[in-house]
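Residue-level listing of the chains:
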Amino acid sequence: MRAFLLALVLLVAWQAYAKLGGIDDFLLPAPTEIATAMFDDAGLLWSDFQVTAAEVLLGILVAIFLGVACALSIHLSQTLRQTVYPLLIASQTIPIVIIAPLLVAWLGYDLAPKLAIIALVCFFPVTVTALDGLRSVDPEVRKLMRTLDASRLEVLRRVELPWALPAIFSGARIAVTVAVIAAVLAEQAGSSRGLGHLILQAIPQFETARAYAAVVILAAFAVVLFSLLTAAERLALPWAHRSQVEGERS
Amino acid sequence: MTAKTVAKPSHREVNGSAEISLNDVARSYAGRNGQVQALDGLSLHVGAGEVVAVVGPSGCGKSTLLELVCGLQSPDRGTVSAGPAVLMPQRDLLLPWACALDNAALPLRIAGMGRDQARDQARPLFEALGLEGFERSRPDELSGGMRQRVAFVRTLMSGKPILALDEPFAGLDALTRQDAQAWLVDALTAQPRTVLLVTHDVEEAVVLADRVVVLSPRPGHQIAALPIALQRPRKRTDPALVALREEALIALGVDR
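As you go down the protein sequences, you meet chains A and B in turn.
Taken in order, the first sequence gives residues 1 to 250; the numbers are from this note's numbering.
Taken in order, the second sequence gives residues 251 to 506; the numbers are from this note's numbering.
Just so you know, the hints here were simulated from the structure itself, not pulled from any lab data.
Even glycine gets a Cβ: it sits at the ideal position worked out from N, Cα and C.
It is possible that some hints are incorrect.
[Said to hold, decoys possible] Simulated coverage check for chain B against chain A, where a stretch passes if three residues somewhere in it have a Cβ under 8 Å from a Cβ of chain A:
hint, stretch
1, 340-346
2, 357-367
[What the hints assert, rightly or not] Label pairs and their computed distance ranges (CB to CB):
hint, chain 1, residue 1, chain 2, residue 2, range
3, B, Ala280, A, Ile99, 23 to 31 Å
4, B, Asp390, A, Thr79, 36 to 44 Å
5, A, Gln78, B, Ala280, 15 to 23 Å
Working from the sequences, and respecting the hints, build out all of it.
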């Protein structure tokens with residue numbers, strides 16, 4: 001509710017600034033104009049949104065899968081931790097904006113390069129949080145598991161993985177917010193569809209309000225995905241949520 | 251894990267028995283300010299089915315002793331030989347996502363048993379400890395005393411003949427602790443095991459044990475042993491028990 005109020009206040013301020021500040025509509029359209037554009041171009045925006053949404057959802061799935069797989073292999077093998085981990089960190093310094101057109105030229109104009117770019121941007125937060133989660137297991141629990149003769153795999157399956165799930169969810173929540181940006185980047189690098197492509201086209205056509213409408217849709221999409229993940233975590237991991245609440249109380 | 255394969259001439263052997271034998275054991279660990287000599291010259295024998303309580307001042311190496319017995323560490327000097335032992339730590343360490351019955355049945359699941367079968371096997375003991383009706387409760391829905399019961403069922407379900415109890419009731423309030431000591435006596439009467447119980451609580455030691463072993467301050471070694479030949483269940487107010495408690499306190503040097 002408070003978030004809604006804050007958004008309202010910001011919108012009113014924006015409206016006032018855009019209308020009364022003498023800013024050109026092509027530079028900063030007022031919220032009312034963006035709303036009009038959203039209504040007028042609804043069909044166009046909707047079809048492009050579907051394309052981008054599919055890319056983001058698939059990209060997130062690939063990123064979570066890759067992130068957890070990387071975290072697991074690094075966690076289980078000291079050799080991989082020493083050899084692969086530095087490479088993963090290095091991969092995060094790749095200037096995606098510049099590399100993206102090359103990826104498109106290499107992988108084609110369809111879904112593949114978008115997934116590659118989204119996954120490249122998003123797997124890392126999942127890897128790092130999952131790895132921290134796997135390592136955060138209470139050492140006393142590890143000792144207990146050893147006296148119960150649990151194998152390495154049993155410890156992973158019965159203790160470490162469930163233990164890491166809340167952290168993996170946190171990583172996924174970070175990932176969804178950047179996934180939307182990554183999708184737009186990927187589309188701008190070479191695409192004939194999607195909201196990123198729409199924005200790229202709208203700006204030189206002086207359809208700034210339409211571009212902003214696309215941005216609003218992307219932002220709303222990220223917020224919805226984030227909330228859905230939070231809700232899914234509460235449903236799937238009620239124990240983690242409850243102990244968290246207890247921790248806050250104490 | 252690697253420490254196990256790169257075993258220094260390992261002085262710890264696991265045998266099929268239910269006995270514990272430590273002979274002139276020394277063990278140090280890396281503390282914040284260099285090496286800490288936890289145990290030195292400790293010898294201790296626990297016969298099959300015997301309940302031995304170890305009391306001693308803080309930091310006298312009691313936890314190190316239990317880890318040696320459980321095979322989590324090897325001695326620097328001397329020999330440790332013991333049958334298969336399972337650890338019950340002070341904190342219950344129940345898995346927060348699993349229900350109480352599944353926590354109790356964890357050792358069976360680790361041993362490869364299916365979920366339903368493991369639950370069925372754990373259920374009788376679970377109910378014997380008064381946990382009936384709480385099978386589906388998650389640990390955070392249980393009181394401290396009940397969590398410790400679940401942890402104890404888990405310990406017994408490992409099927410190991412030796413129980414290494416590391417101050418299992420230290421985290422409970424006084425009333426709950428007395429209750430816990432009572433069910434521990436009942437459970438051990440029904441299912442005798444060899445028990446090595448480390449505790450700070452001298453009264454707990456004389457109430458539960460067949461023999462109380464007093465350790466010196468660090469580096470720990472045995473300085474007194476008090477056989478307790480009283481019938482169970484024991485009354486805390488029994489003059490004989492009170493006298494033994496005083497004797498143990500004198501051995502600890504805290505009776506003033």
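query = Does the structure break any of the earlier hints, and which numbers would those be?
reply = Number 3 - this is the single hint that the structure violates.
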